[in-house]
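**Q** Chain by chain, the residues:
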Amino acid sequence: MKHFSKLLLVGIVLALLSLTAVSVLAQAGEGGVLVTDNIGDDPATFNPITCNDTVCSLVTGWLYPGIIGLDPATGSPAPMVPGNVAESWAYDDSGTVLTINLRQDLAWNDGTPITSADYMWSITAVKSGLTSSPRTSMFMTLDDGTPAGGNITNIEAPDDYTVVVTFDHPDCSSFNDVNDLPLVPAHVFSELYGTDYASLDADPLAIPTVSFGPFKDIDFSPNERVSLIADPAYPDTVLGYVSPSEWVYKSVPDTTVSVEQFLAGEITYTGIPAERQADVAATEGVKTFEFSQNGFQYMGFNLADPTNPQNGLDEEGNAIDQGHHPIFGDVRVRQAIAHAVDVDAMIQGILDGRGTRINTHTIPTSWTYDPNLEGFALDQEAALALLAEAGWVDDDNDVSTPLVATEDALYAEAGTPLEFTLQTNAGNLARERIGQTIQSQLAEIGIKVNFEAIEFGTLVDILTGQTFDAIIIGWSLGLPVDPDLAWAYGPEGDLVGAGFAFTSYNNPVFNELMEQGKTIPGCDIEARTAIYQEANAILANDLPYLYLYAANVMYAAQEGVENWDPYPNFQQWNIDAWSVND
Amino acid sequence: MIKYILRRLIQAVPTFLGITILSYMIMWAAPGDPVSLMTFDPTIKQETKERLANALGVNDPLPIQYLRWLIGDEWKVIDEDADGVPDERPADGLTRVRYGILRGDFGDSFYLRQDALELIVQRIPATLELSVTALIVSLTVGLPIGILAAVWRGGWFDQFTRVGAVVGNAVPGFWMGIMLILFFGAILGVLPMGDRGCPTRGECTPLYMRLDHLILPTVVLSLGGIAGYSRYMRASMLEQINSDYIRTARAKGLPNRLVWFKHGAKNALIPIATFLGPTLTGLIGGAVITETIFSWPGMGRLLVSALTRRDYPIVMAGVVVGSILTILGYIISDVLYAVVDPRIRF
Amino acid sequence: MATQATSSSSTVVSLGNGQEEFVRSESLMQKALRRLVHDRLTMVALGIVLLMALLAIGAPFISQQILHVDYTKAEPLKSFFGIGENGHILGTDDLGRDHLARLLYAGQVSLSIAFFAAMLSMTIALSLGVTTGYFGGIVDDLVIWFITTLNSIPQLFLLLIVSAALAPGPGSLILILGLLGWTGIMRLVRGETFSLREREFIVAARAMGASPWRIMFAHIVPNLISIVVISLAIDIGALILVESGLSFLGFGIQPPIPSWGNMLTGATTFMRRAPHLVIAPGILIFITVLCMYIIGDGIRDAFDPTTAD
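Chains W, X and G supply the protein sequences, listed in that same order. The first sequence runs 1006 to 1587 under our numbering. The second sequence runs 79 to 424 under our numbering. The third sequence runs 685 to 993 under our numbering.
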């Protein structure tokens, strides 16, 4: 070990000495091969229009520009973000017409200028309804007249460098939909596919030769890797040239093996799972970057009758009586559970302290976060008192048996034991650990939890079918942050078998706030913040979910990677400047 | 003999049909739905899900789906220029004409959108690389160990192999694999930590140039075979050694070794032959765990991920290919049995 | 052509006399037992396995009365205690539960799954194998048809459905492993029966008017003992490994029910931080499986009628 640190010291000194020389020497394509990995999924397509998985989004992200970029430092939409084409944009007074001006200095790597026609090609293809792209959800109706559920009624390009988007009604959340589709080289795609948009799906792995990005030229081997090489023609670089010569996306399905491969230097940079962050942080020779995840874990309650799942609204938009869950129908029981579960101990014990407790559907990095919002303190007495008030008592003075319902219970028959099933997806170690901890902690106050880890596909069936009691999963929130939560708690999203408002929570005050929040004139940030903080305070008290924590995400790279400068959620924003020294 | 093989092949037809109906039904009875799994994303609206379900044809009644899968649907699609693209979009939204598995069309993967059979065939080279190597190693190591252990029964070799051959096989494969990667890859740094060792771009190099990548996964995969074959071979060989004809041969003065190896070993192989057919077909299925640990791009991983995504075309293509190979494997092994054991007549 | 089976069967060709047969099998049994007792390696293995079983059965008593711990009580703040720390003999796991107590309970689960599933598949394999091998014809064709069908459906698929239809637990896993695992041995038994039925002593018994069932049970089954016993022992060992492999893939016993397999799977992630969590279940699996192989071999030798003492 001594020898090792000595060597390391010598190495650092040498590296420092040669730093100036290196930065002079580094040239286009001489920055070495960057190797990263994923958990083994293959991209379903290399077509950016039909792409709907994380592997293909990452790969096509290198090849095709977006219209409005996100500033890596803030995570918010910004003009002139490298690799994106928007120069500026503005709404009209009605808040329904968005005009985007495009940069005029960009060209595909065959020299053809990038124009609004390139954006329109993607839009026209998806709006035709002939592709398999799930992005039809941005439009209100498709060309064949079928409703698609979105807010955009029309997109057109009056000239080569202007795009005009028309929305049906003002909605502050709809802005992000504009970014759902990237630009594609229209001159190439027209030649390949004409107007037969269905043929986009005929050969999903076909790769057009013309692109715009730091890398080009996909070479794909199923379940092994995707490789791209540097594109010297890319103009939007940090240093004035693309430094790495090649980017390899390896498929390493086992996370233990993946971390070991990284520690052994076979992988240049990667994300580290929560369970291994402490190991990697303590390892010499690697550098890490840690930040709070853009998402959170929670335990969701089914508030409606699980034996007879119903939609939130009927076809005329009237509320349907969904019945009540015998246990969770009563908010006091949910609050008692919040008093009894020790989330801080979970963060310490399960995440080694690498996580942040949350009390509502908002994470600390969001602009609607309210630092003053208090959660339920750990307090078993208070929990028991709330349960007693809700009509659940210990009938036999035996703590090892569950409490039972008395006549006072709102929705449970007298004599029913306080017992429910808690499910999560098998294979997610953190959630399995949360589940067992909750089971053990609730047993202490006389709530019997039957915890099950089941296969993900089966769990999705139970979840969207709304036949569950309680479930542990997580949400990852998109970027830029969209504070609208109607999809998770509003009755329109409460669709048996399809929607995501599966808790059947329905609070008119909350629904009204959601409506206000997205239709506020001019989308004034301060006014919206106040509205969403109020809505989140309601959730924190009503607890359709027991909000748990936002875990930390860790990126790690080999010590030798230069110019590695990650921001939260934007690890690779300046990848064209990186270089690896072996 | 030929009559027997023919009879078995004809019998295989109803077997095959039974398998397809049964697996199709089981598959649809299983919980989980491909469309909800592909669209488990709050930004995707209900309307889009409907559209996708129609395009995949999963909204049709089960018998229709089965028939389309089995015999195709071009009889109800207008396609006058016969270019495989319907002239008008069919009501069920399917984007291409199906010919059915009986004519070799297994449909397109829901998720990967490519021809399901092609996806399976793509994985065969990698799967065979690993499993054939493992089979060869387990036979060439396992059988001689079994024979020698029987011949030197009770001696140190017998005792040593009796424990030794199974030591490596007495820990779970995934654990063995991770430990080998950790020891030889991470700590010693002498062997690769997984994958086939192909270059990051272009065609894969020939197998002999990347044998180092085969060593660890082969060890993990063949330990079971070595233990199994050596134990069965030892038992089978002992029966032969103790049989009267061997004793007679020895009594007549033939040297021990000659009798044992020439006659005994040959006959002792008969029970082993029954394993061979199923083993050969089992190889095609791949080794899910070993492939996962060693990042090997084989068939097992494809099938498991198809299962977890409810990607039915791939799963069903796997079932069909698997069942055909299994049926053939059993016929071959029964025929082999008859060939090596002259007492059996059909 | 005489075969090795003659020696053990020639005395009972007379049939009809239960007493005679009883005496014979008794003496064979005694002989086997005597040999077994002298096979030290097998006896040690047997002893270890019995000890494991005893410890597993005694898990509730040991953890409550001796260790004074509740194996389900998760206290994340007390996780990853080392060996002997804070009175936990084998430390605590990733949720602060006593590792030793969990290993004992996991032993209950792992051992009973392996044992009962192996017994189930052996019963099916033996009865079907002997019947089809002896009668052949249409019964044989039917069973072979069934086996082919069963083997052609990916087992993972069946496991998936079962784990969804039944609550995933030890009971359903025993059922599914038992019902799926018999085909290999059944074919072995069937093949062996095939060749046995043509042998002289069977032909003789048939000529003397013995009923087919009598021939099967009195003459064929005893000759299959070695195959069956080896298979059973190896099967139990193999099933312990199968269970852990399924845990790794997410189709096995799921938390919170502990099994050696899922304890090992979970602990692999924490290999560098808490090696003892990986070593303990690993050793238990290793020793049990190894002992089962050794026992299989030892019993086979003991039952071999031609072994020189």
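To be clear, the hints were calculated from the coordinates, so they are not data collected in a lab. Predicted model, so just to flag it, every value in this text is computed and none were measured. One thing to keep in mind: the hints can contain errors.
What the hints assert, rightly or not - Calculated lysine-lysine pairs in the DSSO-like style (CA-CA distance at most 27 angstroms, straight line): (1) G:715 <-> W:1453; (2) G:757 <-> W:1292; (3) X:330 <-> X:344; (4) X:330 <-> X:340.
Said to hold, decoys possible - Which bits of chain X does chain W cover? Going by a derived footprint, with three or more residues having C-beta under 8 angstroms, they are: (5) 128 to 134; (6) 183 to 197; (7) 283 to 296; (8) 313 to 327; (9) 382 to 390.
For glycine and all other residues, C-beta sits at the position ideal for the given N, C-alpha and C.
**Q** For every hint, state whether the structure bears it out.
**A** Consistency of the hints with the structure:
At roughly 55 angstroms between alpha-carbon atoms, residue 715 of chain G and residue 1453 of chain W are farther apart than 27 angstroms, so this suggested pair is violated. Of the supplied pair hints, the one linking residue 757 of chain G and residue 1292 of chain W is violated, its CA atoms being roughly 37 angstroms apart against a limit of 27 angstroms. This hinted pair checks out: residue 330 of chain X and residue 344 of chain X have alpha carbons roughly 20 angstroms apart, not beyond 27 angstroms. Distance check on the hinted pair: residue 330 of chain X and residue 340 of chain X sit about 15 angstroms apart at the alpha-carbon level, within 27 angstroms; holds.
For the segment 128 to 134 of chain X, the stated coverage by chain W holds: 3 residues have a C-beta nearer than 8 angstroms to a C-beta of that chain, and at least 3 were required. Check result for the segment 183 to 197 of chain X against chain W: holds, 5 residues qualifying (beta carbon to beta carbon below 8 angstroms, three or more required). With a threshold of 8 angstroms between beta carbons, the proposed coverage of the segment 283 to 296 of chain X by chain W is violated, since 0 of its residues qualify and at least three are required. For the segment 313 to 327 of chain X, the stated coverage by chain W is not satisfied: 0 residues place a CB nearer than 8 angstroms to a CB of that chain, which falls below the threshold of 3.
Beta-carbon proximity to chain W at under 8 angstroms applies to 4 residues in the segment 382 to 390 of chain X; the threshold of 3 is reached and the given coverage holds.
Hints 1, 2, 7, 8, counting from the list given before, are not met by this structure.
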